[in-house]
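Protein chains in written order, with my numbering: chain A, 1 to 243; chain B, 1 to 207.
Think of the hints as simulated: they come from the structure by calculation, not from any bench. There's no promise every hint is true.
[To be verified] In silico DSSO-like pairs for lysine-lysine, Cα to Cα no more than 30 Å straight-line:
no.: 1; chain 1: A; residue 1: K149; chain 2: B; residue 2: K119
no.: 2; chain 1: A; residue 1: K123; chain 2: B; residue 2: K136
no.: 3; chain 1: B; residue 1: K136; chain 2: A; residue 2: K26
no.: 4; chain 1: A; residue 1: K175; chain 2: A; residue 2: K123
no.: 5; chain 1: B; residue 1: K173; chain 2: A; residue 2: K181
no.: 6; chain 1: A; residue 1: K152; chain 2: B; residue 2: K87
no.: 7; chain 1: A; residue 1: K177; chain 2: B; residue 2: K136
no.: 8; chain 1: A; residue 1: K148; chain 2: B; residue 2: K136
no.: 9; chain 1: B; residue 1: K173; chain 2: A; residue 2: K212
no.: 10; chain 1: A; residue 1: K175; chain 2: B; residue 2: K207
no.: 11; chain 1: A; residue 1: K215; chain 2: B; residue 2: K136
no.: 12; chain 1: A; residue 1: K123; chain 2: A; residue 2: K212
no.: 13; chain 1: A; residue 1: K99; chain 2: B; residue 2: K164
no.: 14; chain 1: B; residue 1: K164; chain 2: A; residue 2: K175
no.: 15; chain 1: B; residue 1: K178; chain 2: A; residue 2: K149
no.: 16; chain 1: A; residue 1: K26; chain 2: B; residue 2: K171
no.: 17; chain 1: A; residue 1: K215; chain 2: B; residue 2: K164
no.: 18; chain 1: A; residue 1: K149; chain 2: A; residue 2: K177
no.: 19; chain 1: A; residue 1: K26; chain 2: A; residue 2: K123
no.: 20; chain 1: B; residue 1: K119; chain 2: A; residue 2: K26
no.: 21; chain 1: A; residue 1: K212; chain 2: B; residue 2: K182
no.: 22; chain 1: A; residue 1: K148; chain 2: B; residue 2: K87
no.: 23; chain 1: A; residue 1: K2; chain 2: B; residue 2: K39
no.: 24; chain 1: A; residue 1: K2; chain 2: B; residue 2: K164
[To be verified] Chain A stretches covered by chain B per the calculated footprint, using a threshold of three residues with CB under 8 Å from any CB of chain B:
no.: 25; region: 51-63
no.: 26; region: 158-169
The beta carbon of each residue, even a glycine, is placed where N, CA and C say it ideally should be.
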Amino acid sequence: MKIDPETCTGCEACVPYCPVQAIQIKEGVAVIDDDECVECGVCFRSGACSVDSIQEVPLSWPRVIRAVLSNPLIESPDTRIPGRGTEEVKTNDVTGRIKPGFIGLALEMGRPGTGTSFRDVQKVTRALAGMGVEFEPQNPVTFWITDKKTGKIRDDILNEKSLSAIVECSFPLDKLKAVIKQVQAVAQQIDTVFSVTTCVKVAPDGSLPTDKIFKELGITPYPDSKNNVGLGRPLFQFEEVSS
Amino acid sequence: MTHSLHRLGTSENLSHDYPLICMAAHGMNEEGAAGKMGKFLEICRRHGPVNFGDMKQGSIFVHDADDIIRNITNTTLVQCVFDDIKKVEAVLRDLREADLGLSVVVSGLTDAARECCQKVGLEIHTVSQSLGIWGKTSRLPSREVLEITTMCGHGMTSSSLVEKMIEDIKKGKNSPQKAAEKLAKPCECGIFNPSRAAELLAAAAAK
Ligand code: SF4
Ligand code: SF4
């Protein structure tokens with residue numbers, strides 16, 4: 001994103017719209033800090049600028065990944081899913097991606113509102129890879145992990161930043177305590193935040209297999225949750241997996 | 001796993017906040033999904049949502065509602081927000097009847113969502129929970145600002161804009177309702193709840 005210094009009047013109207021505070025007024029005109037800008041497009045779409053000084057510029061690799069992960073209107077070229085490029089729990093009734101006995105874990109780096117560097121993303125992917133998790137194949141971040149065993153991310157994107165990068169994986173439930181401890185440790189080593197999501201198939205009695213484990217870990221989930229209500233067809237038959 | 005999750009709030013103020021999502025599983029049931037997602041939004045619309053939209057087009061705060069429904073494509077996802085669980089119950093009843101065959105996700109207070117599904121005869125299949133925000137939390141804005149910004153799961157509604165809206169309301173330059181609508185616009189997918197935002201803005205400005 002660029003601001004045309006010739007036409008910008010320095011009115012400041014665009015400044016509060018930037019989720020990562022990358023727009024500043026310098027010497028009477030608005031200037032975008034290229035390193036901080038995550039190419040989310042909010043300033044451009046906001047209509048805040050009455051003189052059309054905010055201009056979208058074509059992005060090439062590797063900078064384009066900022067837009068793919070930050071601008072939810074852009075569809076991931078790897079997964080063909082807009083938003084942040086993942087389907088996860090939303091279609092689990094049809095895909096059976098998260099099976100009984102397993103847990104899905106998503107660490108959304110940079111959320112809420114701080115953004116993340118890919119060096120920090122790599123710290124997290126390395127920590128998870130060490131636990132032997134399986135990274136979700138249909139996720140744009142997974143496409144950029146060059147070695148799933150070590151969690152190494154391709155070198156040419158390590159200096160990039162995005163508003164969000166979802167590190168998504170699954171593993172057997174009996175690993176949950178160890179993985180959570182590892183995630184708690186890596187959380188101390190990064191310069192940003194992440195929002196933590198877990199995803200499980202509901203047990204036949206309506207309970208969640210994670211309830212007891214979270215209690216033992218002293219973790220209280222938020223009072224709200226995201227519930228797939230099983231309306232998708234054809235309904236995935238989990239019996240096929242165990243037979 | 002996530003754009004309708006991680007909404008920070010109390011049990012009291014979250015009781016006015018229920019996002020719904022509908023989408024096809026790619027490569028599995030996406031053929032004809034556009035029309036079905038349109039029907040999903042039509043059903044939601046009958047029951048008075050506070051916002052809705054399409055991930056690829058935007059929300060009703062930026063585009064015409066009929067145009068959004070007309071221009072849905074198979075590979076998108078659509079979403080809608082209600083401020084009353086009774087409306088969600090009515091929507092789920094209609095969706096069950098319509099049997100669209102696409103996946104539907106209901107977010108919101110866990111107990112309320114469970115009770116609502118039970119009443120309608122739906123069994124919750126898979127659940128995502130939020131374990132909160134970890135890492136360098138010193139970088140976060142205040143909780144009252146976060147309760148509003150986290151309603152845009154893609155982070156499009158900035159903390160600076162929320163802070164400005166609170167100041168504008170304090171100065172009498174804007175009403176909580178108008179300010180909430182302004183905050184709903186950057187949220188492209190239509191999952192931001194302007195009705196709950198207006199409540200939260202009014203409370204923050206009254207401090
Ligand atoms: S594109 Fe997004 S990050 Fe970049 S200046 Fe505009 S609002 Fe800020
Ligand atoms: S809104 Fe436009 S004119 Fe005003 S500071 Fe921003 S770029 Fe410049």
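**Request:** Compare the structure with the hints numbered earlier in the document and write down the numbers of the violated ones, lowest to highest.
**Result:** 1, 5, 6, 9, 10, 13, 14, 15, 17, 19, 20, 21, 22, 23, 25
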